[in-house]
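Below, each chain spelled out in residue letters.
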Amino acid sequence: MLDQILCVDDDPITLMLCKKVIIKSSFSNEIITSQNGEEALSYFNTIKHINNKNKPIPQPQLIFLDLNMPVMGGWEFLDHFNSQEFAEFSTIKVIVLSSTIDPEDLEKSKQYPMVVDFLSKPISQSMLEYLKNKLK
Amino acid sequence: MKSKTNQVIIIYILISLFVAIVSHKILLQYISNEKLPFYTFTKDILFIFFTGIIFKLILSKNDNRNIATFEKIKNSNTEIKESNEKYDIVAKATSDTIWDWKIQDDNFSWNKGIENVFGYKPGEVGNNSTWWFNKIHPEDSIKMSIKLYSFIEQKTEKWQDQYRFKCSDNSYKYVLDRGFLLKDENGKAIRMIGAIQDITKQKEEEQRLKLLETVIIQSKDSIIITEADSIDAKIPNIIYVNPAFSIMSGYESDEIIGRSPDLFNSPNSDVNELEKLLKAIKNKEECLIETISYTKNKDEYWVRFSMIPIFNSDNELSHWISIQRDITEEKKQEKEKEQLIRELTQNNKDLKQFSYITSHNLRAPLSNLTGLLNLIEDIPIENQELKEILSGFNKSTHLLNDTINDLVKVIIIKDNPSIKKEAVLIKEIFENVFSQLNFQIELYRPIIKLDFEKVSIININKAYLESILLNLLTNSIKYKSENRKLKITMTTDQIDDTVVLTFKDNGIGIDLVRNKDKVFGLYQRFHNYPDSKGLGLYLVKSQVETMDGTIDIESEVNKGTTFTLTFKNIQ
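If you read the protein sequences in the order shown, they are chains Z and E.
With the first letter of the first sequence counted as 1, position 48 gets the number 48 in our numbering; the numbers rise by one all the way through.
With the first letter of the second sequence counted as 1, position 180 gets the number 180 in our numbering; the numbers rise by one all the way through.
Simulated from the structure, these hints should not be mistaken for lab results.
Certain hints may be false.
Which stretches of chain Z does chain E cover? Using the computed rule of at least three CB atoms under 8 Å from a CB of chain E, they are [what the hints assert, rightly or not]: (1) 91 to 103; (2) 117 to 123.
Below, computed lysine to aspartate or glutamate pairings styled on DMTMM-like, alpha-carbon distance capped at 20 Å [said to hold, decoys possible]: (3) Z:Lys136 with Z:Asp105; (4) E:Lys420 with Z:Asp105; (5) E:Lys173 with E:Glu115; (6) E:Lys234 with E:Glu153; (7) E:Lys420 with Z:Glu107; (8) E:Lys449 with E:Glu554; (9) E:Lys454 with E:Asp496; (10) E:Lys352 with Z:Asp102; (11) E:Lys462 with Z:Asp79; (12) E:Lys420 with Z:Asp102; (13) E:Lys420 with E:Glu545; (14) E:Lys352 with Z:Asp105; (15) E:Lys349 with Z:Asp117; (16) Z:Lys19 with E:Asp378; (17) Z:Lys19 with E:Glu377; (18) E:Lys234 with E:Asp184; (19) E:Lys409 with Z:Glu107; (20) E:Lys414 with Z:Asp117; (21) Z:Lys20 with E:Glu115; (22) E:Lys203 with E:Glu139; (23) E:Lys135 with E:Asp88; (24) E:Lys183 with E:Glu153; (25) E:Lys414 with Z:Asp102.
Yeah, the Cβ is synthetic: ideal placement off N, Cα and C, and Gly gets one too.
Work out the full structure: start from the sequences and follow the hints.
Encoded structure:
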């Protein structure tokens, strides 16, 4: 079981679903949500800020990332997250969780080293079982 | 000669009589009768001597004259001989056929040319002018005789004519006949001599050239001929333009000859193209350019302009020919076409994007619904009505999900014209499909006959073939006949380098007479089934065609349906 997981999605129902399924599958202890890429980035900035004061706080081990979001979408988030600014989070893995069917999106996701999988919504218990095995 | 003799004798007699009379008169006056016999005798002696001397004088003078005449005749004989020899040589040397016509007697003679050139044996040649006239081509003879007689009557100065002359083998040769007249002292034409030249080759060449010339004259393309050398690095000067050029450019031939085609350049001419042309001219190379030109009225037109160097037999550049075509309309259409392609490409891109976004936006809430329904499954529901409602909700959601998934598949196929193929075991695919439909198969227990003996491995996209078989099998089950047990037969066969997959059932069939064109169409439904989406066969056809295959259907209502799928099996 993971300690903390971050779900980034603008759809509250999706987030609700994520929470319920993750709890049900005992996939993670704690679930944090952000409504878009910018919110997620500011969450990581907060972690960085607090860490600087030598007060270590738990950070997510895995991110479920949607692509189409207002303010800042998934791709832009990945561009920032992949930059030097967030180098200290380089161990965090990202799962793209989207409804897209555009094959170009799948290709594009392969350019980011932290993206370990590209999965189609909805999140399900079988999907989480699969991920558990994959991330072992 | 005879008259000369008579002349001499007459002169002699006259002189003799004169002397005789004078002597007689003198004797009568001075001499007495007694001495008469003596004087008569003396007179006779004197008379004989005197006339003898006279006679001698006359004869010797005549002799001299005769000698001179003889010399003259001798000389002229030699001249005639020489001239005859020369004539023979010339006659032999020229290929001309010489004829000689004594007009009054209508006596006509020919030299050897009549045999050598026209093939007439000496016995075949007639000796009057009628024979000659008869050999002239009927179309030429009237015109020719008018000119000839007007010459003989000396209404015209010279005579030469071209006509067709019949050979012994009945073919005709084009000839050039030139003649002159011999006249008597009264100026009357008595004889005519002519020389016939065989100009068949020239005439044929002339006709060939005329024929070739029509190409240039009648051509709709402009043709220019220019000098070989250019002056001041310009296009060489024009020496000929054809009528099409005048029509295209507005310049008449005499306005433009001697000038350089440079003057057609407009400010909008393509500088690079012109440079290309000038470079080719410098290097004496063929060149083709497309540029904007000016007409005489400074109207612009697009022209496709070629310059071809022409070399003579010594491999020296003799001139250039340039062929030009007005391609304004072509260019306009090309531009329109490009514009259309740009617009269509953009439209297509937009539509593709639209379909991706739409499907994304549809799928996002739908996936939530599916996810939530999955959660409900584990929650026990006591209320029976709620349970029913949720069950309906569940069914509809899954149907919607299937439809959208099929649509998504179609979008992806249409966007991916080429897909990966691999060698797959048909049996394996079939087993996969079977396991997916396990529930229905267990329910209806159809008779399934498979024969993959002939071809067991096929080079194909695995996912597509699976989807195709799944669709066909689902259809067979869905549209089975209620009156008989469902029977499905599937076989493979190899025909040349293609693999043929046959899928046959004994279901309710489709009325192809009514629906032939629509069977594989989008959203076509032929049976009143609640869960039919009208997508299956459209998807199948799309997948088959994406793999360069074809699909055919044969069906009879209440008998069954057969699908024939054909794929190229090139590895």
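Legend entry - Hinted pair Lys135 (chain E) and Asp88 (chain E), Cα distance within 20 Å: Status violated; Cα separation ~25 Å.
Inset, instruction - Compare the distance between the alpha carbons of Lys420 (chain E) and Asp102 (chain Z) with 20 Å, and conclude whether the hinted pair is satisfied. - result: holds, 17 Å
Inset, instruction - Please work out if Lys414 (chain E) and Asp117 (chain Z) have their alpha carbons no farther apart than 20 Å. - result: Given that 20 Å is the threshold and the Cα spacing comes to 25 Å, the pair is violated.
Legend entry - Distance restraint between Lys449 (chain E) and Glu554 (chain E), which requires alpha-carbon spacing of 20 Å or less: holds, 19 Å
Legend entry - Holds or violated: Lys234 (chain E) to Asp184 (chain E), with C-alpha atoms at most 20 Å apart: violated, 67 Å
Legend entry - 20 Å limit on alpha-carbon distance, applied to hinted pair Lys183 (chain E) and Glu153 (chain E): holds, 11 Å
Inset, instruction - For the pair supplied as a hint, Lys454 (chain E) and Asp496 (chain E), confirm whether the alpha-carbon distance does not exceed 20 Å. - result: Judged against 20 Å, a Cα distance of about 13 Å means the pair holds.
Legend entry - 20 Å Cα cutoff - pair Lys352 (chain E), Asp102 (chain Z): Holds. Lys352 (chain E) to Asp102 (chain Z) sits at ~9 Å (cutoff 20 Å).
Legend entry - Given hint Asp105 (chain Z) paired with Lys136 (chain Z) - CA-CA distance at most 20 Å: Given pair Lys136 (chain Z), Asp105 (chain Z) is violated - Cα atoms ~26 Å apart, limit 20 Å.
Inset, instruction - Decide if the proposed pair is consistent with the structure: Lys420 (chain E) and Glu545 (chain E), CA atoms, cutoff 20 Å inclusive. - result: Distance of about 14 Å is within 20 Å: holds.
Inset, instruction - For the pair we were handed, Lys352 (chain E) and Asp105 (chain Z), check the Cα-Cα distance against 20 Å. - result: Distance of about 14 Å is within 20 Å: holds.
Legend entry - Coverage of the stretch 117 to 123 of chain Z by chain E, judged on three or more residues with CB within 8 Å: Contact hint for the stretch 117 to 123 of chain Z vs chain E: holds, 4 residues under 8 Å.
Checked against the numbered hints above, the structure violates hints 3, 6, 11, 15, 18, 20, 21, 23; every other hint is satisfied.
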